[in-house]
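Colleague: Sequence:
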Amino acid sequence: MCGFVGYVGETAPVDRTRLIAMRDRMTHRGPDDAGVLIRNGNLSVGLAHRRLSILDTRSVGQQPMSTQNDRFHIVYNGEFYSFMTERNRLKKMGYGFQSRTDTEVILALFAESGVACFDRIDGMFGFAIWDSLEQELTLVRDRLGIKPVFYSTTATGSLLFASEVKALLESKCIDDSINLQAHHDYLGLNYVPGDQTMVNGIRKLPPGHYLTWKAGRISIKRYWSQTFGTDQDVYQGNFETAAEDIMSCFDAAVERRLVSDVPLGMFLSGGIDSSAILNSMSRLHSGPVKAFTIAFEEASYDESNFARVAAGSVGADHHIELVKPDPDTVLAPLIQSLDEPYADSSVIPLWYLCRLAKRHVTVALGGDGGDELFAGYRTHYAWKLARLWKRVPKPIRINLANRVVGLLPTSHKKMSFDLKARAFIRAASRPAIDAHYGFKEFMPESVRRAMLDSSDELDETVRLFRRATESMSQPGSLDAILAADFEIYLPDDILVKVDRISMLHSLEARVPFLDHRLVELAAKMPGHYKLKGLKTKAVLKQALKNRVPGQLLKRRKAGFNVPMAQWLSGPLQPLMMDLLDTQSVSRVGLWRTDDVQSLISSHLNRSEDNSRSLWAMMCFMLFNQEYREGRAA
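Under my numbering, residues 210 to 842 are what the sequence shown spells out, in order.
One or more hints might be untrue.
Stated by the list, open to error - Taking lysine-lysine and the BS3-like style, the derived pairs with C-alpha atoms no more than 30 Å apart in a straight line are:
| hint | residue 1 | residue 2 |
| --- | --- | --- |
| 1 | K733 | K744 |
| 2 | K381 | K423 |
| 3 | K733 | K706 |
| 4 | K533 | K763 |
| 5 | K593 | K733 |
| 6 | K567 | K766 |
| 7 | K567 | K375 |
| 8 | K733 | K499 |
| 9 | K499 | K766 |
| 10 | K766 | K754 |
| 11 | K533 | K567 |
| 12 | K733 | K766 |
| 13 | K593 | K423 |
| 14 | K733 | K754 |
| 15 | K744 | K763 |
Stated by the list, open to error - Using C-beta positions, here's what the derived DEER-type ranges look like:
| hint | residue 1 | residue 2 | range |
| --- | --- | --- | --- |
| 16 | E679 | S795 | 37 to 45 Å |
| 17 | P542 | M293 | 33 to 41 Å |
| 18 | I229 | P653 | 40 to 48 Å |
| 19 | A325 | Q277 | 16 to 24 Å |
No lab work stands behind these hints: they were computed from the structure. Remember, predicted model here, so these are calculated numbers, not experimental data. Ideal Cβ placement from N, Cα and C applies to all residues, glycine included.
Given the sequences, and given the hints that come with them, work out the whole structure.
Modeller: In structure tokens form, the structure reads like this:
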């Protein structure tokens, strides 16, 4: 895994010193090697790269890499899993390779067929290719958004691009003013959704898209789409056959991700998805699989006993580490690595997990994507319950909801009943996609608008979920819900966390559940194969019934979170009070100070659990200190 940065424009020569400074803001993504290519003339081009060596660790794999005729030049971040198949095909056609890297194969494929080659590349990737003959730059991101790509355009038509926001900010020519719409959406979801970022001058290239720059103009096109809820190529097999097909496809996906020239292991939570990966790896990998687990002192958050069961079932080489809050050690590198505010608290245990894994391996497989693919979240379960709830006459629903919410005591335990019940009742009567958004909303729209100093011009955050499903024939179906999760939640929350935190530790994370073949297969299957009655991930559990211990298949979904509510009333309280004190909030000028202090007071006196809203604001303040106040100092 690697990091890259680049520039193309007609106005001024590339500043080598600045380009290298931008590149080296991402040294953690590639500590093994670095390279730069600059071509100044009527048109100026600069490409720079940091390398984490995984395949063919020799110097011949250095980037930027060029074709032998010097026409095409590439900087690349990711893994192309079936590159050997394409390499062998191209060799038979007479192509002479200088290395055993997947980078060189991608370069050869692009030279052969241009953007049509994206269909032949499986895996996770972001890369840029400069065509010196056509004077054209192509920037592309993988189908699911596993790897990041950011870009910025200037008034003169120049293009800057990078694997991380911080590299672009290092150019010193980016508008870093706060994107108020992104800020509003972030407070609602605890991550920045869509193609926006927290600063006005930078955009994300969406998953499954490529950008072309030529003569100061850019175009962005989609080359792949997920197909949940379409009427094309619907799966015809029965439930049992579906389970068999899923398992066969999954094993192949895992096997493709075991190719590595450096030590390899996996993240083990004790949940269904990671247990499935462990089982498959144990069948395909020679010797005991290295498995890594995080434990918590708070019992309602700890899953390590389930992880021990999974590890014991296959004789894994199991490593466990107990996590305790240590803000002085963890928070600064977290914020530095995340580039923009990100308040999914599971990022904290993942930081410890990646640190643990990196002591032993350079590549780790993880179970991300299984819940989005097979309807494994509580929000999918809530979708089914909401359909039943709507059958209750509206006057009775309203009266019952008011009574229940008023009687619920506030708890700071993990996903406590009061928290789930309040979220459900607040959202369940809305249209299906609006309700799904409501189940995921952390700070209600009305609360955000009341707290923000200027909110009149902002769009509702739910617009993103509506947009993701507006073209579907059944926008209220489970397939629509899964499509929205794949379009928004997966790339902008889950995969952001996986990429940034693993890369902070110079660790490559691979996600077999997001093999595009498996995604396309599961997307064809009917919703009731995934959510069968009130049983989540039904077809996956059927596939694993003879491979994973029964108690792991029967346990409830737990999630990978931390006891943030308790931490903010305990070890993190001093940090919260410092970051959100009246003077600091006033200086930023986005929130009404009285409302912020009210959120703090009601959390500390336990009348409300405001931990997720408070943590989101704390993360924003840390981002502001690191990337805006720090750069201005």
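Colleague: Look at each hint and say if it fits the structure.
Modeller: Hints, one by one, checked against the model:
no.	hint	result
1	K733 to K744	holds (19 Å)
2	K381 to K423	holds (24 Å)
3	K733 to K706	holds (28 Å)
4	K533 to K763	holds (29 Å)
5	K593 to K733	holds (20 Å)
6	K567 to K766	holds (27 Å)
7	K567 to K375	holds (23 Å)
8	K733 to K499	violated (34 Å)
9	K499 to K766	holds (24 Å)
10	K766 to K754	holds (17 Å)
11	K533 to K567	holds (19 Å)
12	K733 to K766	holds (24 Å)
13	K593 to K423	violated (49 Å)
14	K733 to K754	holds (22 Å)
15	K744 to K763	holds (10 Å)
16	E679 to S795: 37 to 45 Å	holds (40 Å)
17	P542 to M293: 33 to 41 Å	holds (36 Å)
18	I229 to P653: 40 to 48 Å	holds (46 Å)
19	A325 to Q277: 16 to 24 Å	holds (21 Å)
The earlier numbered hints that this structure contradicts are 8, 13.
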